[in-house]
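Heads up: the protein sequence lines correspond to chains Y and H, in order. Position one of the first sequence corresponds to residue 12 (our numbering), numbered consecutively onward. Position one of the second sequence corresponds to residue 12 (our numbering), numbered consecutively onward.
There's no promise every hint is true.
Since copy identity is lost for identical chains, a pair holds within one copy or between any two.
Said to hold, decoys possible - Okay, derived cross-link-like pairs now, SDA-like style, lysine to any residue, Cα gap no bigger than 25 Å in a straight line:
no. : residue 1 : residue 2
1   : K383      : D369
2   : K505      : N260
3   : K339      : P192
4   : K547      : A430
5   : K419      : N464
6   : K70       : G466
7   : K362      : N260
8   : K435      : F463
9   : K137      : T387
What the hints contain is simulated information worked out from the structure, not anything from laboratory work.
There are 2 protein chains.
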Amino acid sequence: MLIGSNDPRFQNKIPLNPFGENKMSTNRRDFLKLAGAAAAAITSTAAAHAGVPASSVAKFDDEYDVVIIGSGFAGMACALKAGQAGKKVLILEKMPTVGGNSAICGGNVACPVNPVQAAQGIKDSKELFIADCLKDGLGINYPNLLGTIADRCNDTIKMVVDCGCEFVPNKMLFEAGHSVPRSYEIKAGTGSGYIIPMHNELKKLPNVKIMTRAKFDDFILDENGRVVGVTYRKGYRFDSKLQSDDIENKSGRPATVKAKNGVMLAAGGFSRDIFFRQAQDPRVVPTTDSTNQPGATAGVLIKALGIGAQPVQLCWLQFLPYCNPREKGFGVSVNFTNHACMDLGLVVDRKTGKRFMDEHAGRKIKSDALFKVIGTDENYPIAICDDAIVKAINPSFVKLPLEMGTVKKFDTLEQLADAFGIPKQALLDEVAKFNGYVKANDDKDFHRILTFNKGLDVSKAPFYGIEVSPKIHHTMGGVMINENAEVISANTHKPIPGLYAGGEVAGGVHGASRLGTVAVIDALTFGMIAGENFAKMQ
Amino acid sequence: MLIGSNDPRFQNKIPLNPFGENKMSTNRRDFLKLAGAAAAAITSTAAAHAGVPASSVAKFDDEYDVVIIGSGFAGMACALKAGQAGKKVLILEKMPTVGGNSAICGGNVACPVNPVQAAQGIKDSKELFIADCLKDGLGINYPNLLGTIADRCNDTIKMVVDCGCEFVPNKMLFEAGHSVPRSYEIKAGTGSGYIIPMHNELKKLPNVKIMTRAKFDDFILDENGRVVGVTYRKGYRFDSKLQSDDIENKSGRPATVKAKNGVMLAAGGFSRDIFFRQAQDPRVVPTTDSTNQPGATAGVLIKALGIGAQPVQLCWLQFLPYCNPREKGFGVSVNFTNHACMDLGLVVDRKTGKRFMDEHAGRKIKSDALFKVIGTDENYPIAICDDAIVKAINPSFVKLPLEMGTVKKFDTLEQLADAFGIPKQALLDEVAKFNGYVKANDDKDFHRILTFNKGLDVSKAPFYGIEVSPKIHHTMGGVMINENAEVISANTHKPIPGLYAGGEVAGGVHGASRLGTVAVIDALTFGMIAGENFAKMQ
């Protein structure tokens, strides 16, 4: 066991600051003991490598044209395009419900150079989109993949709208790190706003089957190294109490399925994989909370590396800077903290009452700044906005957090200061200064883009306050893909025949840190492209 | 082909700034076309995965106790310890000569808390060593591995001294990024000062065989996933004209060898692997020069991932900030620029004549700062020192660069300024200011530790100047190992039975960026530990 089954820190509590000195060292020592000579209690007879030879499969239990691992944005988009072209498609989803992280995410979606922007006179371009992504990505993103997204995003939006997805009409969100408003706002307020209609469309296609509780195990390869099918288990029961479900969970009945045209990896990222994520950054301990659903593990990625997929930028882990430390996981407060307080309001260090960052910068910049302030004594910053701001945003963003009590409402800023232990006058001065910046459209302290506030400042009662803490959210790296969503082999530098990937399991689009709303367009677009490729095959 | 065989940029010229905007975009587009739908000219029938089942090997051509891949510091240290204990050891070295990068590196070696420090009253500690490494490593190093190095380093030094390695007596180098002087200086001035004596010791052991031109191909695994041998090719002729020797080179005669106690990976890093390195950072184009010998490729790493080794921090590529753009590869100037100019002298932007960084900071900090100044018009900074400094350092550091003409000598600073196009008065002012800082032991501009200058400043003719440009030097990431040098599996979180690794092919010791002289102690120590483990086996 990683830390010790009795260790209270392993019970989901308020997440520890992974960068905290005193908490970190103990956890890190304990973590690293796992991999040490003292044998772990976990037993496994799994062979160390991947890839089952097709010659060893006497008879496939089933045959499809396309087998897709995962039922989030990328998986469903692929199934849609392939299925609508008449392909026989099987989606293997290991959890009991479809949608993965896609179903629970914020759901808004970037689309550079779209008609709503044009109608509002917002000037955008493919180059500006790529430059924005490269900035938070620290320059290491793959521009060709970003270019593909920019080229196809309007087709992607059409695909989801044709399924019945509904966006707030004529509205473009100005998302953190982007230079201009370029993101559609999903009416539903979560990714379920795509998953439900897409799932309904897929259910109409008799040639598309979605199997839940179906756990991918390995690739089946022919003598030329082509992926011709997969082994998996039906009736799998994911167990979030296990430290490593991928390794320890032996439930389910084994089966094989042939994939005539190929296999699509749409298995998401590994933010919940406590071993694989901590291997990249030992400070991310098992108790570090994540926004992800528990199934976000590295099993598929590991097997893909096992058959030679080129690893890309696996080290980069993203923390979402909009989370609340008082609720577990993604919670209900993210959209409020993001769109009310960080887009329009402000965030202060509760010890000083002062701002400490550009609240509209990219996620890495903000998470790094937040962790510095949180330090080792859980000094969670306070995100603040007012009544006018709350009225300006999607009402669904404030409803639940108010009910849950993560967001608190106050008649005056003084009362807010009292409740959170912020020095009163310092806060009043800082808010006044901020309001001055909004009026002048000039953030002298942090150079935040204030243009799109349209004069909204923090001045009208009631006032709202919420604590902020980053949680691990997205793993930028993954397998290398090309513009056709083909997985590239480290052994040959060419595509692994029969293997495709898109979404968070692939790497290179986002570089070191991804911008908000770009993962949605990424996963949907490369899923769509993979599906289109399958549709063209015999 | 990556860029086009006719492309003059692919002939080793002055290295391009990988972060230069205009040069970068073309190269990056070309690079990414390789992995695109337009098929590359490289043909390969290699299967996509790794791991040959032992059941398919009718009869092994040979049998040893230990098979070691690579003959640098880690490989030779492992062979020494295992061989001296009577084990039958085979080293497979793919190049025509032994030593790899180890033979050509700077060669000085860190050893926290050693007798020479004690004799000189230098206070050091394991904790300080770990903290220093964590600082340049951006906090993501594995402290247990650093602790192992600190615990065993004196044994490591004894091992190499017993072979006949000679250090400059009673001298401790104060290496960049370290808080105190803690590094032995190798008399020979390069890593050959270890490789030659260690090789001589190994040649005395009849039970140790070193086979050059022997190219590891794959692991042989038994039904329990234990590594029981390797396949390789004898008579391999590495071809540095190929874009990917690992993929394209089919020379040599296949053979198999059983490894009764296990296999040690000591294959080094991938700084010369233009595909694998660029996968982690697209800005590192094929023409980006490296300090490494041409054999530093990712082939062994890829095969290890193929049998399930856990990848650790593969994204982190280090540039060595002491290189010269006028010579190829590591060249002859590194030690001069490092120990004369950066340790004791200063570095200026030739456009302004001013310093722009702490010349004694860690490599990442300095490389990032240098690249910023170099920009897109090859504005190579000038590193400067004087006669007293040159006389204070190892004479072998200045001899060759003067002969080669990378270092130039001048009677006055004014002449130096003229030769390099530096504004004269600005340079004189800056040097005077620097000398004042040395005198006061207080670098007011960049907070460099000046204590160990012992008053040496830049004031006595003749004066020396040399251009500086970083080159890709070390790949921090690799396979996960524990304190026993066992490789950890991503599939089981436990050691892969029979598989060991140490040195640059392993990851976690150095985090995001390694300190100088720590790679030497890292590779020697984990090689030693692996060898000790083999020695204990039946």
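Structure-based check of each hint:
For the homomeric pair K383 and D369, the shortest alpha-carbon distances inside one copy (14 Å) and between copies (23 Å) are both at most 25 Å. Taking the shortest alpha-carbon separations for K505 and N260, only the inter-copy value of 16 Å comes in at or below 25 Å, while the best intra-copy value is 34 Å. For the homomeric pair K339 and P192, neither the shortest alpha-carbon distance inside one copy (30 Å) nor that between copies (47 Å) is at most 25 Å. In the homo-oligomer, the alpha carbons of K547 and A430 never lie at most 25 Å apart, since the shortest distance is 61 Å inside one protomer and 64 Å across protomers.
For the homomeric pair K419 and N464, the shortest alpha-carbon distance inside one copy (22 Å) is at most 25 Å, but the shortest distance between copies (58 Å) is not. Taking the closest pair of Cα atoms, K70 and G466 never come within 25 Å of each other, the shortest separation being 68 Å inside a single copy and 80 Å across copies. In this assembly of identical chains, K362 and N260 lie within 25 Å of each other by CA distance neither inside one copy nor across copies; the values are 46 Å within and 63 Å between. Proximity of K435 to F463 under the C-alpha cut-off of 25 Å is found in neither arrangement, the shortest distances being 28 Å within a copy and 48 Å between copies.
For the homomeric pair K137 and T387, the shortest alpha-carbon distance between copies (23 Å) is at most 25 Å, but the shortest distance inside one copy (42 Å) is not.
In terms of the numbered hints stated before, the structure departs from hints 3, 4, 6, 7, 8, listed from lowest to highest.
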